[in-house]
Amino acid sequence: MTTLAVPAATAPDIGVAPRAIRAATAEPPWVRRVLIGAALLFLTLFLFVPLVTVFHEAFKKGWDVYLSAILDPDARSAIALTLLAAAISVPANLFFGVSAAWAIAKFDFRGKNLLLTLIDLPFSVSPVIAGLIYVLVFGLQGWFGSWFIDNDLKIIFAVPGIVLATIFVTFPFVARELIPLMQAQGQEQEEAARVLGASGWQMFWRVTLPNVKWALLYGVILCNARAMGEFGAVSVVSGHIRGQTNTMPLHIEIVYNEYQFAAAFAVASLLALLALVTLGLKYVVEQRVKGQKRAVGDRSE
Amino acid sequence: MLLSRTLLKRHTVLPGFDLALGFALLYISLIVLVPLSAAFLKTFTLSWSQFVDATTTPRVLASYRLTFGASFLAALLNALFGLIVAWVLVRYTFPFKRVVDALVDLPFALPTAVAGIALTAIWAENGSLGRWLPFKVSFTPLGVWVALVFIGLPFVVRTVQPVLEDVNRELEEAAATLGASRAQTFVKVILPIVAPALLTGFALAFARALGEYGSVIFIAGNMPMVSEITPLLIITKLEQYDYAGATAIAVVMLVTSFALLLLINSLQTWARKRQGGV
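Sequence lines, in order, name chains A and B. Position 201 of the first sequence, counting from 1, maps to 201 under the numbering used here, and the rest follow consecutively. Position 79 of the second sequence, counting from 1, maps to 79 under the numbering used here, and the rest follow consecutively.
This is chain A alone, in the form it adopts within the complex:
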């Protein structure tokens, strides 16, 4: 501490006040303050206030209202259906993501760019349209509608439709996280494993999977958050039958439209909490992936 004080004390002797020394590639302090202020004001208005509002409104009428809103039978069945839809769609998309990433990242084949574009497609389709297309295929007037009715299978306005719509909107997440990392890692480690006599599955479990585990987890987290929160697509195919085909976001809509605001925000606060946990996990995993990418970069240099 004492050694640090010396230059500050000597600075006036050479006639320049320390605070006047500013690098030519730095902005004046007032510009800096204005920019930080503008950024924080913008984020406060559009991000922090909405987030705080969810919890504030949820607890405004006290714990009893909060608990009874969450423990309400309709709310509980909505929570159960949301968990079920995520429990089916996340593993399905995980399986797809790993397969697609393996083919795209480790092999050189014709039509690869087309496949990559197709994987991105659901990101650019409105959730409402994602729901609509399943109604067109499986609905009463749809292609296979009458066949399913004859065989007493309900897809639209039932749980299978909700699961299908959820799979569609969350479909790119795992693949998108895995492909860039696996491409950067190259094929050498897997080739070495094969040359040393590992079987295909041994290579996969002992080399490929450990190399991508953080990115995989990150993709699954994002996929899950979106699966549990999807509203538009699920809304079109669900039919909004209370206690049967309502997911949490749909339950929020119904309760909100009945002017039970505290109850709507109580269920919403659970999803907001999930979002915060997702962001926290994302931050942790991102640090790991960054470290891993740096390690890959070092090795290839």
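In short, the hints are calculated from the structure, not lab data. One or more hints might be untrue.
[Unchecked claim] Keeping only pairs whose Cα atoms sit at most 16 Å apart, straight-line, the calculated EDC-like set for lysine to aspartate or glutamate is:
#, chain 1, residue 1, chain 2, residue 2
1, A, 282, B, 172
2, A, 112, B, 18
3, B, 188, B, 170
4, B, 273, B, 170
5, B, 188, B, 172
6, A, 213, A, 286
7, A, 290, B, 173
8, B, 136, B, 125
9, B, 188, B, 173
10, B, 9, A, 108
11, A, 290, B, 165
[What the hints assert, rightly or not] Label-pair distances were calculated between CB atoms; the ranges are:
#, chain 1, residue 1, chain 2, residue 2, range
12, B, 269, A, 277, 33 to 41 Å
13, B, 50, A, 84, 37 to 45 Å
14, A, 33, B, 41, 55 to 63 Å
15, B, 191, A, 183, 26 to 34 Å
C-beta atoms are modelled at their ideal positions from N, C-alpha and C, and glycine is treated no differently.
Based on the hints, put chain B in the right spot on chain A.
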């Protein structure tokens, strides 16, 4: 075996290509391609004039104006403030910077219905922010814009941020030694480097806003001709069992989104070339 023999460009010792690609193609076909093609085939049940009529009624045109206009203006605000937020996160230090950085992704993680009811409560006439304003926000087209700003917020920040991190500081030093002011350096050196990423972020936010439904319907008020967005109109038509009409509007939206997706892809290619060149 068939896939690897016809598609692979060179021999490899790695296994599983047929299984992995075969499964991926089957899955993508069942989940995405077949249902999407249903939308296009359904519109073929309409004649051309029926299609034009269904997609150009005054109510539908009003919804396009609102959806495209509000999405454009929301993406514009996000481009401006997204650049500032990215700049501040990359260049400056301030308290709770990491928390702020992590929270920028909130609109990706927060379900749209949750965002919708929260924004409605805030900007309502008696809401925490709405009460200070002399005009109405919730239940007007302005409310639609607010919701679209929220859901598009992370895109510009997250596309510009990595590019700013990679900007070679020596270029700025060179500009300074050659006598450029800080503002000149920003406009003539830094802005051209981040421009492709900024445009990409803008296009991504715009594309996302076009299809947005959940956060908007709570705050919009949903008055036909005034504050009714196109995705809501699709749902309204579906509820009236006008499947062909709903699908016709959906096809207009789909074609627009695909055109935007192509634009975004070429922007990203441009950005990569630009970054590689610097």
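These are the hints, each one checked on the structure:
no.	hint	in the structure
1	A:282 with B:172	33 Å, violated
2	A:112 with B:18	14 Å, holds
3	B:188 with B:170	14 Å, holds
4	B:273 with B:170	20 Å, violated
5	B:188 with B:172	10 Å, holds
6	A:213 with A:286	12 Å, holds
7	A:290 with B:173	28 Å, violated
8	B:136 with B:125	6 Å, holds
9	B:188 with B:173	13 Å, holds
10	B:9 with A:108	6 Å, holds
11	A:290 with B:165	14 Å, holds
12	B:269 with A:277: 33 to 41 Å	36 Å, holds
13	B:50 with A:84: 37 to 45 Å	41 Å, holds
14	A:33 with B:41: 55 to 63 Å	58 Å, holds
15	B:191 with A:183: 26 to 34 Å	30 Å, holds
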